[in-house]
Structure formats: C-alpha cells, structure tokens
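Chemist: Sequence:
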Amino acid sequence: MIAPRKVVFQREVISAAYGGAACEPITRAAAMAVFHNPLSGQVSDDLSELFEIGRVLGERLSGDAIAQLSGAPVSYGKAALVGPMGEMEHGGAVIHPKLGAPMRVAAGGGEAVIPSNVKIGPPGTPIDLPLGHKDNPWSFDHFDTMTLFLADAPGPDEIVMCLAYADGGRPNPRCGPGPVKS
Numbered sequence: 003m004i005a006p007r008k009v010v011f012q013r014e015v016i017s018a019a020y021g022g023a024a025c026e027p028i029t030r031a032a033a034m035a036v037f038h039n040p041l042s043g044q045v046s047d048d049l050s051e052l053f054e055i056g057r058v059l060g061e062r063l064s065g066d067a068i069a070q071l072s073g074a075p076v077s078y079g080k081a082a083l084v085g086p087m088g089e090m091e092h093g094g095a096v097i098h099p100k101l102g103a104p105m106r107v108a109a110g111g112g113e114a115v116i117p118s119n120v121k122i123g124p125p126g127t128p129i130d131l132p133l134g135h136k137d138n139p140w141s142f143d144h145f146d147t148m149t150l151f152l153a154d155a156p157g158p159d160e161i162v163m164c165l166a167y168a169d170g171g172r173p174n175p176r177c178g179p180g181p182v183k184s
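For reference, each letter of the sequence shown is one residue, going 3 to 184 in the working numbering.
If you are wondering where the hints come from, they were derived from the structure by calculation, not from laboratory data. Heads up, a few of these hints could be off.
What the hints assert, rightly or not - Derived DSS-like pairs (lysine-lysine); straight-line CA-CA distance at most 27 Å:
1) K100 - K121
2) K121 - K8
3) K8 - K100
As the list claims (entries may be wrong) - Here are the simulated distance ranges between beta carbons:
4) W140 - A19: 20 to 28 Å
5) D154 - G110: 46 to 54 Å
6) D47 - A18: 44 to 52 Å
7) G110 - G22: 28 to 36 Å
8) G22 - D48: 48 to 56 Å
Glycine included, C-beta positions come from ideal geometry on N, C-alpha and C.
Whole structure, please, built from the sequences with the hints as guidance.
Modeler: Below, the structure written as structure tokens:
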C-alpha cells in the first residue's frame with residue numbers, strides 16, 4: 003500500500019480574467035501526492051508497481067479534489083513531477099495506464115482523453131497541468147492550465163502525482179466551441 007509523504011490540495015476561484023474583465027466564477031481544484039519512487043535510480047521494463055500507485059492515489063484523491071469545486075466537474079487533467087533520480091517514464095507510468103479510470107468514475111464519466119504532462123525536476127519545480135473538457139475533446143473554451151509546485155518536492159527519489167478538475171472553462175473564452183461534427 004502506498005503511503006504518501008504528504009498530500010496537498012490547491013483550490014482557485016476565478017471571478018475575473020487577467021486584465022479585470024468579470025466572468026462567471028470558475029473553481030479549479032488540484033490534489034498533489036508526494037511519494038517515494040520505488041524505481042528511483044534504476045531502469046526497469048516492469049513499471050506495474052507505478053501503475054498501481056496511480057490507481058490507488060486516483061481512487062483516494064479524486065473525490066476529495068472534486069469536493070472542493072463549487073459546481074459539477076466539467077474538465078480534468080493530470081500530471082507528474084519526477085525527482086532527478088527518476089525518469090520521465092516513471093511519471094508516465096503513474097498517470098497513464100490506471101489513473102484515468104478512478105478520475106472518470108469520480109467525475110461521473112468522461113469520454114475525452116485526460117490531458118497530461120510529465121517532467122523531471124528538483125524541489126520547487128513548477129509543472130503546468132493541462133485541463134480539457136471531460137466529454138468533448140474539441141471544446142476549445144475548456145483548454146486551460148493550472149501551474150502547480152511544492153517548495154519541498156519532489157525530492158531526488160520522489161514523484162509528485164497531480165490530478166485536477168474544474169467546474170468551468172477559461173475565464174471569458176473567445177475561441178469558439180471548436181469544430182462541429184457533421
């Protein structure tokens with residue numbers, strides 16, 4: 003069983019776009035779990051232990067993140083920040099094969115692929131977690147980003163798994179709804 007060193011939640015409520023134009027309030031909520039990377043310092047073809055960590059943390063944290071929204075989840079995203087003794091593939095293994103299912107269950111569905119990002123860095127490295135509409139991958143108004151970081155993570159042998167939801171799109175979007183399928 004995975005025991006994170008710490009779990010951090012970040013909640014943003016946006017009521018005006020940059021520049022001051024008012025908008026309907028949008029809430030974004032992210033959960034970040036910091037844990038020891040069991041494959042740190044090694045190259046392995048078997049990443050299944052990391053797959054399971056993603057599933058377990060997704061089941062544990064998705065509902066808590068959604069509970070911080072002001073409305074129903076409309077968009078979602080995920081990311082991993084890997085400490086310098088790990089590799090990109092370790093972060094990908096945490097967020098790709100098994101994290102999506104519990105995120106979708108918590109959100110009440112989700113037809114669209116969950117946007118994601120992985121990078122390697124020392125403590126305090128920011129990561130841009132992309133957000134996209136949970137059911138319509140072509141909803142340009144929901145293409146958004148949360149920038150996340152923790153001052154003390156990831157340590158050299160740690161991973162920070164991040165998942166996020168929002169109850170709306172970008173503030174005052176003007177790109178249009180996206181392509182119309184005929």
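Chemist: Is it true that the C-beta distance of D47 to A18 lies inside 44 to 52 Å, as the hint says?
Modeler: 49 Å, holds
Chemist: Against the 27 Å threshold, does the CA-CA distance of K8 and K100 hold or violate the hint?
Modeler: 21 Å, holds
Chemist: Does the Cβ pair D154, G110 satisfy 46 to 54 Å?
Modeler: Since the Cβ atoms of D154 and G110 sit about 34 Å apart, the hinted range of 46 to 54 Å is violated.
Chemist: Holds or violated: K100 and K121, Cα atoms, limit 27 Å.
Modeler: 19 Å, holds
Chemist: Check the hint pairing K121 with K8 against an upper bound of 27 Å on the C-alpha distance.
Modeler: Holds, at about 20 Å.
Chemist: Assuming the hint says 20 to 28 Å, is it satisfied by the Cβ distance from W140 to A19 or not?
Modeler: Since the Cβ atoms of W140 and A19 sit about 22 Å apart, the hinted range of 20 to 28 Å holds.
Chemist: Honestly, do G110 and G22 meet the 28 to 36 Å range at C-beta?
Modeler: 34 Å, holds
Chemist: Go ahead and decide if the range 48 to 56 Å is satisfied by the Cβ distance of G22 to D48.
Modeler: 52 Å, holds
Taken one by one, the earlier hints fail for this structure only at number 5.
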